[in-house]
Amino acid sequence: MGKTTLIGSVSEIRPLHTEEQLTEASAQVDDLAGVRDKSTTTVAIDFGRISLPGGIVLYLFGTPGQERFRPLWDDIAYGALGALVLVDARRIDASFDVLGLVEETGLPYAVAFNTFPDAPRHHTPEQLRAALDLEPATPMVTCDAREPNSSIDALLALVQHLIDHRPAEHR
Amino acid sequence: MASATSSTVDTAAVGDGIHLPDTARDLVKILVTGPFGWARPP
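Order-wise, the sequence lines are chains A and B. Just so we're aligned, residue 0 is where the first sequence starts under numbering that gives the first Met the number 0, counting upward by one. Just so we're aligned, residue 0 is where the second sequence starts under numbering that gives the first Met the number 0, counting upward by one.
What the hints contain is simulated information worked out from the structure, not anything from laboratory work. Where is the CB? At the ideal position from N, CA and C, for every residue including glycine. It is possible that some hints are incorrect.
[As the list claims (entries may be wrong)] Some chain A residues close to chain B (C-beta under 7 Å, calculated; not the full set):
(1) Ile-6
(2) Gly-54
(3) Leu-80
(4) Leu-85
[As the list claims (entries may be wrong)] Using C-beta positions, here's what the derived DEER-type ranges look like:
(5) Asp-163/A x Arg-24/B: 13 to 21 Å
(6) Arg-24/B x Asp-92/A: 38 to 46 Å
(7) Asp-25/B x Ala-129/A: 32 to 40 Å
Please build the complete structure, drawing on both the sequences and the hints.
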């Protein structure tokens, strides 16, 4: 129900997935706190494509969330115009590293809180924004990565942000 | 807008997914990222 799920829910082509079973080898590396029933993880990149109205075609690259994949980040981010950062409201603190990495890269981004049945409901949008220390202009939406329309809405929030903040020479 | 992006995706081993729809005007590469550890098995 995360990056791989979102790309799979919206892609108009058969998405490339690189999910593999978690093994004992990752037991001391991958933090499963809060997600004990997780059994697979992305080991390379996921890839999908979606056409938006107006002739805009998005190529979606799902990037691994583990810190050990950080050396790949520059190559994966090459040519990207922006990033949609999926955040789990149950584990907000786990998002700090990824957000720091995106900001370090200088990519415009939007934050999408992926919703889960057991996600805490007592956080207001203002509290979530404050917890992540987001800039006022950074879009923040909630989405259900399993639902295509919800995932598309999150992507549209990012695209609108990119359009609104595109360099002057592209206006 | 398309040049840097297409040079990346054209080499991706994704079969028919690398071809642009006829109606495409702009090609945009987007990252979908987030922390590890919050997916569940299907």
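Okay, the hints, checked on the actual structure:
1. Ile-6: OK, holds: Ile-6/A within 7 Å of chain B, min 6 Å.
2. Gly-54: It holds, given that the least Cβ distance between Gly-54/A and chain B is near 3 Å, below 7 Å.
3. Leu-80: holds, 5 Å
4. Leu-85: Nearest chain B Cβ about 4 Å off; hint holds.
5. Asp-163/A x Arg-24/B: 13 to 21 Å: holds, 18 Å
6. Arg-24/B x Asp-92/A: 38 to 46 Å: holds, 41 Å
7. Asp-25/B x Ala-129/A: 32 to 40 Å: Since Asp-25/B and Ala-129/A have Cβ atoms about 34 Å apart, the given range 32 to 40 Å holds.
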